[in-house]
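Respectively, the protein sequence lines represent chains A and B. The numbers in our numbering rise by one with no breaks, and the one at position 75 of the first sequence is 75. The numbers in our numbering rise by one with no breaks, and the one at position 52 of the second sequence is 52.
Keep in mind the hints are simulated off the structure, nothing from the lab. Warning: the hint list may mix true and false statements.
Taking lysine to aspartate or glutamate pairs in the EDC-like style, the calculated list, with each CA pair at most 16 Å apart, reads [claimed, not checked]: (1) B:Lys69 x B:Asp55; (2) B:Lys121 x A:Asp104; (3) A:Lys151 x A:Glu183; (4) B:Lys69 x B:Glu31; (5) A:Lys77 x B:Asp90; (6) A:Lys153 x A:Asp104.
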Amino acid sequence: MEFCSVSVFRTVARLALGTALSAGLAACSVQGYANTFSVPIGAPSAPAAEESTTQPQAQAAAVPLPFKGRLLDGNPKALPPAVAASLSNSSDIVFNYREELSHDHYTVPLALSAFDPLTYVGYPLGNYSVTAFASLGISQGDRVLGDYTAKVKLTREYTLYYQPTYIELEHAAKAAVRQKIDEQLYRDASRLAQAAAAGQGH
Amino acid sequence: MRGAIFLLCLTAAGCAVTGQPFQRQRAAANEAEIYLYRPYSYAGSLLRPPVVCGDSVARLGPGGYQVFKVQPGTVTCHTETEAADEVEFDTRPGGIYYLKEDIGWGVAIGHSHLYPMDSDKAQTEIQKCCVLEPGSIVEHQG
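Bound-form chain A, shown alone (with noise of 0.2 Å):
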């Protein structure tokens, strides 16, 4: 009875080592499989390929502003549509803009995403967000003719199938918190149109 339990035991703990040496020996094909099925680094994905067609289409459409301003802080071209779309260096009007992005992410720990069901039929597996905040002052002198900011906070999910990158989330929010200062400058535009005017007559 002791011999065929010991017996037992050295069998099972057998079969578990084989077990382990084939994980552990599976991964390093995993590693030769990865650097064959890579694609030509730099090559654009689609997604991003995609919006930096729709950007310059965006901004051609944008209606200019009732004046114009010259940029003191901020990428001339990382603008609103609607300000870019105003800019002069002449302009005795400044346009002051910011643009910050923050990231965060959420993974399902592997332990309890590996023995979920729900994973092999596409449920997340976590998520990857980012919040994108922008700022625009417009000053003429010493006057603040207004002062507009923006915040977008956007998330995407992946799955097993399907993995957003990170890159086309912030296109997004930009795009996103940009749209958010040009409709706050639209609604405000003959408020700013007259301010703006008021000031030149000075």
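Fit chain B to the given chain A structure using the hints.
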């Protein structure tokens, strides 16, 4: 039996990266630095997908970190296994940025994820988790 146990220990130990502990470098005035790090996780531990930032490629093991020195401007970092992930940094001269790599589940192979990190959180994490992995970075050809 003992041989198998030894081999198992060797396999498990071989996954973790060894090297010098984290030491923040001072970025040159005319360039920016992107710290890429990968906290230890057994899942996908033998997977070292290439991470491309600017002109350089790094392949990190679990518990490793590496520094990319890049020209200021827009820098894209990209990785791909079965699925791709891509991150963009607007770098400034002398700026320091952090990027965390993580391997999650995939259908045939683990998916590589890149997370841009806030510097305070990243510095705490990188000091605890990671060592400099020598020889893991090369200039990208073409």
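Each hint tested on the structure:
no.	hint	verdict
1	B:Lys69 x B:Asp55	holds (9 Å)
2	B:Lys121 x A:Asp104	holds (11 Å)
3	A:Lys151 x A:Glu183	holds (13 Å)
4	B:Lys69 x B:Glu31	holds (7 Å)
5	A:Lys77 x B:Asp90	holds (12 Å)
6	A:Lys153 x A:Asp104	holds (10 Å)
Checked against the numbered hints listed earlier, the structure breaks none of them; every hint is satisfied.
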